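Number of protein chains: 2
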Amino acid sequence: MSKVRVAAFSISLDGFGAGPRQDLNNPLGVRGMELHGWFLNTEAFKKMHGQSGGARGIDNDFAAQSFEDVGAWILGRNMFGPVRGPWEGDSWKGWWGDNPPYHTPVFVLTHHARAPLTMEGGTTFYFVTDGLESALAKAKDAAKHKDVRIGGGVSVVRQYLSAGQIDEMHFAVSPVLLGEGEPLFSGINLAQLGFTPVRTVCGEGATHVFLARNQG
Amino acid sequence: MSKVRVAAFSISLDGFGAGPRQDLNNPLGVRGMELHGWFLNTEAFKKMHGQSGGARGIDNDFAAQSFEDVGAWILGRNMFGPVRGPWEGDSWKGWWGDNPPYHTPVFVLTHHARAPLTMEGGTTFYFVTDGLESALAKAKDAAKHKDVRIGGGVSVVRQYLSAGQIDEMHFAVSPVLLGEGEPLFSGINLAQLGFTPVRTVCGEGATHVFLARNQG
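Which chain is which? The protein sequence lines are A and B, in order. For the first sequence, the working numbering assigns the number 216 to the last residue and increments by one with no breaks. For the second sequence, the working numbering assigns the number 432 to the last residue and increments by one with no breaks.
Any given hint might turn out to be false.
Said to hold, decoys possible - Have a look at the derived ranges for each label pair, beta carbon to beta carbon: (1) B/Asp357 x A/Ala163: 50 to 56 angstroms; (2) A/Pro20 x B/Gly347: 29 to 35 angstroms; (3) A/Ala163 x B/Met217: 21 to 27 angstroms.
Don't read these hints as lab results, they were simulated from the structure. Note that this is a predicted model, so its numbers are computed, not measured. A virtual CB, placed ideally from N, CA and C, is assigned to each residue, including glycine.
Take these sequences, add in the hints, and give me the full structure.
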């Protein structure tokens, strides 16, 4: 059964999914990169970037699982790149080089139309200008019986959460206190949305928390 | 070296230290009791209440440690009891029977004066009407070289945190989503206050997170 899920989403101990003052030098906001320390060390991450080595273990297992059975992704525009306003030509092709780690259709939420961009390795970026619902419908269609993964950023996750569209969430709580930034859950009533805790597992570099929404 | 600490303080996955709509039937707020499931099972908890049995393990070790080297406690009035307004006689003596689990001086923050209340087992409740700073000074004095433990509730912890008075915190994240209630850290910048993560340990029924404040 196809699900809409958030997976391996890093947050701080104090609940921030990104740091404050995002800009070109700090695409994840100030200190935002620290949230991902657990992931950057893993074999799964190295493999994604065509490298060998990296740590195995609990963190790596969950990182790898987060990519399994995903048939389509949805990303906010800021996750796709630092470009703001209308696209200026086709020069920006994402942060990930010629062969991005998605290997599926990826739907990028934007206010500015752009032709689809086909990359190596099965990734095609589609730029969706008619909103969240439309992006989700397209992603579900593209994913067939596989899952749709909401990649982020924080704002996109919050919007799909609030709309009651997310079935499962796995977030990785990093041993970091940011103090400020983009809170992932603040003002969102997860209990009312029907989420219940499934399990919590301490990894080498983060605590993995799994939530699922009751169906019906 | 004497420290001011919060220990074994239960919060939900979504950051609430108590549920909403606290009243006589729900002294911890609606569903607030669920936050303490990890603790109620422990040998340390049973022992506190004069019972035998209870689970040993990680949760129990941290529960037991939370009582070690404590020379004085500070509690908010709502933690001491459900009575509001002026004390009506001496009939309310806390939730804990004749021999409360503190065995130290306990300073209760209140707006209403009351004579000290000496219980069995070394616990004396002192009622402090001249504010947080005064209560802390009295508690430090009473604790001598031992620690002062800020017992709660949420509001008291938040006030001492905001005042920069807390040196160490151990909170136990329970696998519960409350959705609403009293958030422990919301609006408090722990990084700016100088806190850094010390360690995270998964127990049988909660995830234990330890923070410490950099001195100087």
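Tell me, in ascending order, the numbers of any earlier hints that this structure violates. Number 3 only.
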